[in-house]
Amino acid sequence: MFTIKPVLSSLMRSRTGPLLLLLQIVLSVAIVANAGFIIQERLALMQRSSGIAEQSVLSFSLYNFGEKVNLPQQLKRDLEILRNIPGIKAATSTNMLPLSGSGWSDRFIDGPDPETAKSTPGFAWYLGGEQMVDTLGVNVIEGRNFRADELNHSITDSGMKALMSAPLAKEVFGEESAVGQIMYQGSDNQIEIIGVVEVLQGAWVDSDQFDYSVIQNIELNENRSNQFMVRADRRDVPALEETIKQALRAENPDRVIRNFNTLRELKDMSYAFHAVMAGMLSIMIILLLVITSLGLSGMVMFNIQRRTKQIGTRRALGARKRDIVGMFLVENWLICFSGGLLGGLLAMELGSQLMTLFSLPMMGWQWPAMTVAGLLVITTVAVLLPARKAALISPAIATRTV
Amino acid sequence: MLSMKKINKVFKTDLVETHALRDFDLQVEEGEFVAVTGPSGSGKTTFLNIAGLLEGFTQGEYTLDGVNVSRLNDNQAARIRNEKIGFIFQGFNLIPDLNLAENVEVPLRYRGFNSAERKRRVEQALEQVGLGARMKHLPSQLSGGQQQRVAIARALAGEPRFLLADEPTGNLDSLMARQVMELLEEINRNGTTIIMVTHDPELARRAQRNIQIVDGQVCDFTLYQGGDEPQAARA
Chain A
1 MFTIKPVLSS
11 LMRSRTGPLL
21 LLLQIVLSVA
31 IVANAGFIIQ
41 ERLALMQRSS
51 GIAEQSVLSF
61 SLYNFGEKVN
71 LPQQLKRDLE
81 ILRNIPGIKA
91 ATSTNMLPLS
101 GSGWSDRFID
111 GPDPETAKST
121 PGFAWYLGGE
131 QMVDTLGVNV
141 IEGRNFRADE
151 LNHSITDSGM
161 KALMSAPLAK
171 EVFGEESAVG
181 QIMYQGSDNQ
191 IEIIGVVEVL
201 QGAWVDSDQF
211 DYSVIQNIEL
221 NENRSNQFMV
231 RADRRDVPAL
241 EETIKQALRA
251 ENPDRVIRNF
261 NTLRELKDMS
271 YAFHAVMAGM
281 LSIMIILLLV
291 ITSLGLSGMV
301 MFNIQRRTKQ
311 IGTRRALGAR
321 KRDIVGMFLV
331 ENWLICFSGG
341 LLGGLLAMEL
351 GSQLMTLFSL
361 PMMGWQWPAM
371 TVAGLLVITT
381 VAVLLPARKA
391 ALISPAIATR
401 TV
Chain B
1 MLSMKKINKV
11 FKTDLVETHA
21 LRDFDLQVEE
31 GEFVAVTGPS
41 GSGKTTFLNI
51 AGLLEGFTQG
61 EYTLDGVNVS
71 RLNDNQAARI
81 RNEKIGFIFQ
91 GFNLIPDLNL
101 AENVEVPLRY
111 RGFNSAERKR
121 RVEQALEQVG
131 LGARMKHLPS
141 QLSGGQQQRV
151 AIARALAGEP
161 RFLLADEPTG
171 NLDSLMARQV
181 MELLEEINRN
191 GTTIIMVTHD
201 PELARRAQRN
211 IQIVDGQVCD
221 FTLYQGGDEP
231 QAARA
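Residue numbers (full-length UniProt numbering), protein chains in the order written: chain A, 1 to 402; chain B, 1 to 235.
Okay, chain A solo, but in the shape it has when bound:
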């Protein structure tokens, strides 16, 4: 049923059509393999755990414009109001919002002499109150959270304590425990690491150091503009915006309260480019596969037209219907395999160029292999339908004028 040599001979002697198709398959494999790989990379980025109860955390900003407002007192009062709103389980002020695309970053050094000390990698630097851990819903896996009585209000205060994300702790301290370690900000400020949280992502979804984060016990209270995060049951979150506005304005009407977003909404906005890219690449893959399949299907249909008498003659000489189907399938598989092989090589080369130009990770060989396998299945279906039609050509055609 599947004889390769005569089909190959035939293909080699009528080169133009098969060559064009081969070229199409080479390009399809190279593009689809890389596009598939990029989609998978993007989806993997989007599916990373942030460590945060994203849909249960509502963030907003507040700007106090009253001239006589006592900012530290106002912040304290605002936090009390928020924590007393029914349904709110925890509330904190914060210098930055996770997954938002903007925030603060810093580095620690491991000794008082900046000249000789070793620096940690950069990390997202969260400053907030004792309820930040509960508000975010992050999991403290070692050590403890800081207490209310340990809060500072300026980055130059003494008695700094910090919680570190586990990936950062591992990067800095290896297998050694981070808890109890002393780090420095410049030569004067000591920071004691008192706890490790399992996962806490920063603000920048494309950063290599996205999982490196530190929460420090600083509740900044001298700013007119503050950001807040409150944690509530997911079902209660939609109603909270109005409740919060009313409660805070009742206390002091001279303020602007806006930018209400759940952390999930911020995450979706940060990943919007990735989602659009994944969508567009998916559409491109589908279009390429459809075009390739149509190309093959078209070539088979054209060949059926062109070779009607030849097919009839083959049937007259003893070919069964499945021999005719097999002939077209072998033709397709030969083009697909050779196109797949060349396309695979081109895909790897394209992948390595993309890796260099756009700092993408190296694509594994399994992507071109999977693409060729997928293409083989799709094109087999595309060829099978017209090939079965060809098999229905009567052997009596051999004696008729076509």
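Calculated directly from the structure, the hints in this document are not laboratory data. Take the hints with a grain of salt, since some may be wrong.
[Stated by the list, open to error] Computed cross-link-like contacts, DSS-like style, restricted to lysine-lysine with a CA-CA straight-line distance of at most 27 Å:
id, chain 1, residue 1, chain 2, residue 2
1, A, 309, B, 84
2, B, 84, A, 321
3, B, 136, A, 5
4, A, 5, B, 84
5, B, 12, A, 321
6, A, 309, B, 12
7, A, 321, B, 119
8, A, 309, B, 136
Given the coordinates of chain A, work out where chain B should sit on it, guided by the hints.
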């Protein structure tokens, strides 16, 4: 060798019913060389197609080499075509993308012969028709007569019990037609039964027996002996 009894072939459309063969009876003995003649539209090609199992028939009984082939399925018919029948077509029907050896090899592949056996048979068949030295040539590089000899080699390679030739010299000039005819006669002398459809009365006269088909029936059934004119008589 071949026995057709009361074969009828009716082509039906919504509006019209055409009887291509009507109560068609024919016996061909092993080793015979039979020429089939008749005017256009008389049913010659339909007879050839039915005899070669290229198409079915509406009624009747057909026995080929002792096997009742009246109701075969597609695969069974393909197998008998491949093993017992050699076809020679008016237009040669060679596959233009394959060289001569590959063309002759086509039916042998369908038969499932291994590579060595195919090679042996291809070489033998092409030698027999005088084209052993041109196995790698493409059909387009040959004259019409040579192409028909390749087609004959393709028919012979499977060592069929009988050959069906459809106007085998119809597309050839007289010299080449004579050469092809001589080749067929030689094949027949070696024991292969041949049924040849032709328009050419001169060629028909060279066969042992001439059958004339008119309106789907055997009209003339004469054994030629030494160039006598065929007698007009209903069989």
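Taking the hints in turn, this is what the structure says about them:
no., hint, verdict
1, A:309 x B:84, "holds (22 Å)"
2, B:84 x A:321, "holds (19 Å)"
3, B:136 x A:5, "holds (14 Å)"
4, A:5 x B:84, "holds (25 Å)"
5, B:12 x A:321, "holds (25 Å)"
6, A:309 x B:12, "holds (23 Å)"
7, A:321 x B:119, "holds (25 Å)"
8, A:309 x B:136, "holds (23 Å)"
Of the hints listed earlier, there is not a single one the structure fails to meet.
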